[in-house]
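Heads up: the protein sequence lines correspond to chains B and E, in order.
Heads up, the working numbering is the position in the first sequence plus 133, with the first residue counted as 1.
Heads up, the working numbering is the position in the second sequence plus 133, with the first residue counted as 1.
In short, the hints are calculated from the structure, not lab data.
Predicted, not measured: the structure shown is a model, and the values here were computed from it.
One should not assume that every hint holds.
Pairs involving identical chains hold if they fit within one copy or between any two copies, as the list cannot separate such chains.
[Stated by the list, open to error] Derived pair list, reagent style SDA-like, types lysine to any residue, alpha-carbon separation capped at 25 Å: (1) K363 <-> F183; (2) K363 <-> P343; (3) K363 <-> M170; (4) K308 <-> S393; (5) K363 <-> H342.
Protein chains: 2
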Amino acid sequence: MAASTAFAPNTPAHTVDAFHRGRFWLVQPRQGHRAGMDAMMLAAAVPSTFSGRLADFGAGAGAAALAVLSRCPEARAVLVERSAEMAAFAAATLAHPGNAHLGDRASVLTADVTLTGRARAETGLADNSFNFVIMNPPFNATEDRATPDALRREAHVTEDGLFERWIRSAAAVVKPRGGLAVIARPEQLVAVLDAVEGRFGDAEMLCVHPRPDAAAIRIVVRAVLGARGKLSIRPPLTLHGPSGNEPTERTEMINNGLASLFGD
Amino acid sequence: MAASTAFAPNTPAHTVDAFHRGRFWLVQPRQGHRAGMDAMMLAAAVPSTFSGRLADFGAGAGAAALAVLSRCPEARAVLVERSAEMAAFAAATLAHPGNAHLGDRASVLTADVTLTGRARAETGLADNSFNFVIMNPPFNATEDRATPDALRREAHVTEDGLFERWIRSAAAVVKPRGGLAVIARPEQLVAVLDAVEGRFGDAEMLCVHPRPDAAAIRIVVRAVLGARGKLSIRPPLTLHGPSGNEPTERTEMINNGLASLFGD
Numbered sequence: 134m135a136a137s138t139a140f141a142p143n144t145p146a147h148t149v150d151a152f153h154r155g156r157f158w159l160v161q162p163r164q165g166h167r168a169g170m171d172a173m174m175l176a177a178a179v180p181s182t183f184s185g186r187l188a189d190f191g192a193g194a195g196a197a198a199l200a201v202l203s204r205c206p207e208a209r210a211v212l213v214e215r216s217a218e219m220a221a222f223a224a225a226t227l228a229h230p231g232n233a234h235l236g237d238r239a240s241v242l243t244a245d246v247t248l249t250g251r252a253r254a255e256t257g258l259a260d261n262s263f264n265f266v267i268m269n270p271p272f273n274a275t276e277d278r279a280t281p282d283a284l285r286r287e288a289h290v291t292e293d294g295l296f297e298r299w300i301r302s303a304a305a306v307v308k309p310r311g312g313l314a315v316i317a318r319p320e321q322l323v324a325v326l327d328a329v330e331g332r333f334g335d336a337e338m339l340c341v342h343p344r345p346d347a348a349a350i351r352i353v354v355r356a357v358l359g360a361r362g363k364l365s366i367r368p369p370l371t372l373h374g375p376s377g378n379e380p381t382e383r384t385e386m387i388n389n390g391l392a393s394l395f396g397d
Numbered sequence: 134m135a136a137s138t139a140f141a142p143n144t145p146a147h148t149v150d151a152f153h154r155g156r157f158w159l160v161q162p163r164q165g166h167r168a169g170m171d172a173m174m175l176a177a178a179v180p181s182t183f184s185g186r187l188a189d190f191g192a193g194a195g196a197a198a199l200a201v202l203s204r205c206p207e208a209r210a211v212l213v214e215r216s217a218e219m220a221a222f223a224a225a226t227l228a229h230p231g232n233a234h235l236g237d238r239a240s241v242l243t244a245d246v247t248l249t250g251r252a253r254a255e256t257g258l259a260d261n262s263f264n265f266v267i268m269n270p271p272f273n274a275t276e277d278r279a280t281p282d283a284l285r286r287e288a289h290v291t292e293d294g295l296f297e298r299w300i301r302s303a304a305a306v307v308k309p310r311g312g313l314a315v316i317a318r319p320e321q322l323v324a325v326l327d328a329v330e331g332r333f334g335d336a337e338m339l340c341v342h343p344r345p346d347a348a349a350i351r352i353v354v355r356a357v358l359g360a361r362g363k364l365s366i367r368p369p370l371t372l373h374g375p376s377g378n379e380p381t382e383r384t385e386m387i388n389n390g391l392a393s394l395f396g397d
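For reference, chain B alone in the conformation it holds in the complex (with noise of 0.2 Å):
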């Protein structure tokens, strides 16, 4: 994920970084929230075999939407962004020659994937209409507001309706036996779960550990659109080893887009 300037040239506003590689690039913001290991390990949750069309709900610059493309040759994906500024982003980055091969597979739709009903159709969300959704709430926006004791349970609410909106848009785009994949931080686990239960089964959790003393800085969530099956936690994924900042070979390889986070 290095800054490049093998493509196109680095500006004081946006910069052009290289993933998985250097097999696909990202126009982003230099400013601001800026794509990296979230948008990777995201990506990975979605199976190496995955054919169809994929939507990725706050798509930012593109970064998961485009890690998947790369990886699963038979994907298609649209980048749903709210943003304006950063769903012009994600049209730079598609058009960027160095995404050439994955661009034609994938288009930009600037739409709220909070609405409900006849208004999301509209937008350009069909019910029904997509085999895989990706999600990378914007969590950490709830974590900037003051939360004295007085206002922790109205956050913690508006937290919760942040995970049930998006997950009950998800619900309604996916085909049945399609898939969710969201990732979010580990004091979120109760809101994605209660979301995903009743509307999605077969539910796999991975906790994400930075070293493998530390506690989980994220959680993966991944589940099938009417499947029955019970919630199962997976081996974590630690990033670091012991001592050191030199990435566990597995770190890599999903970062590289060369493994998938559950292993199919």
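Starting from the known structure of chain B, fit chain E onto it as the hints suggest.
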């Protein structure tokens, strides 16, 4: 946990088993649920520095409570068991000569932990009277029921109700800032966390994997009454190495009362 005749002969109806390398003994029925690793992991969730009154909800023959007493010299325990037959085994365990050094810190209470209000207090579980509650709810029972698709939702509700009732009682009998530890199956995670939330805080969860590459078979959740901190996910416990049946060093330590599960 090898059966032994060091202190009392085994009979066709019961066995006397050594735990913590012979530092305490369990008198338990030969048939039915037999204590083992679950009880040792649950007990290990209590900090080694713990002192005060602990309630073991669903104590069975007393394995988890005695494991706490064996590791925590300042702890006292009430073994709460609904089944008169199992309570008799718990009493036999406390009376066993090999437990003379622990027995005076423990008592057996035959009571249903799902009672509420005055009925719960009158059965001997007074509000605000314990410093810690550990529980190993009879989660295997729900598994034994026939759960074809039509009944699955009902079974799920039943299961939710189990954890809700047990954890509600724990919240009532524990003092402010007192502790709770629960062991359950991964598929019961949401039921456990939903019941914990709003009552306990600073929740910590730990997944137990039989091997590094296998899905979790148990979860242990620990929390503090009235605390407000968010859920954290600790590094998992892996019972065995990648191959063979040898327990890992950490498993061995926990199984023998030489280490706590959460490192405190």
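Taking the hints in turn, this is what the structure says about them:
no. : hint          : verdict
1   : K363 <-> F183 : within (22 Å within a copy, 35 Å between copies)
2   : K363 <-> P343 : between (27 Å within a copy, 18 Å between copies)
3   : K363 <-> M170 : between (28 Å within a copy, 23 Å between copies)
4   : K308 <-> S393 : within (22 Å within a copy, 46 Å between copies)
5   : K363 <-> H342 : both (23 Å within a copy, 17 Å between copies)
Comparing the model with each earlier hint shows no violations; every hint is respected.
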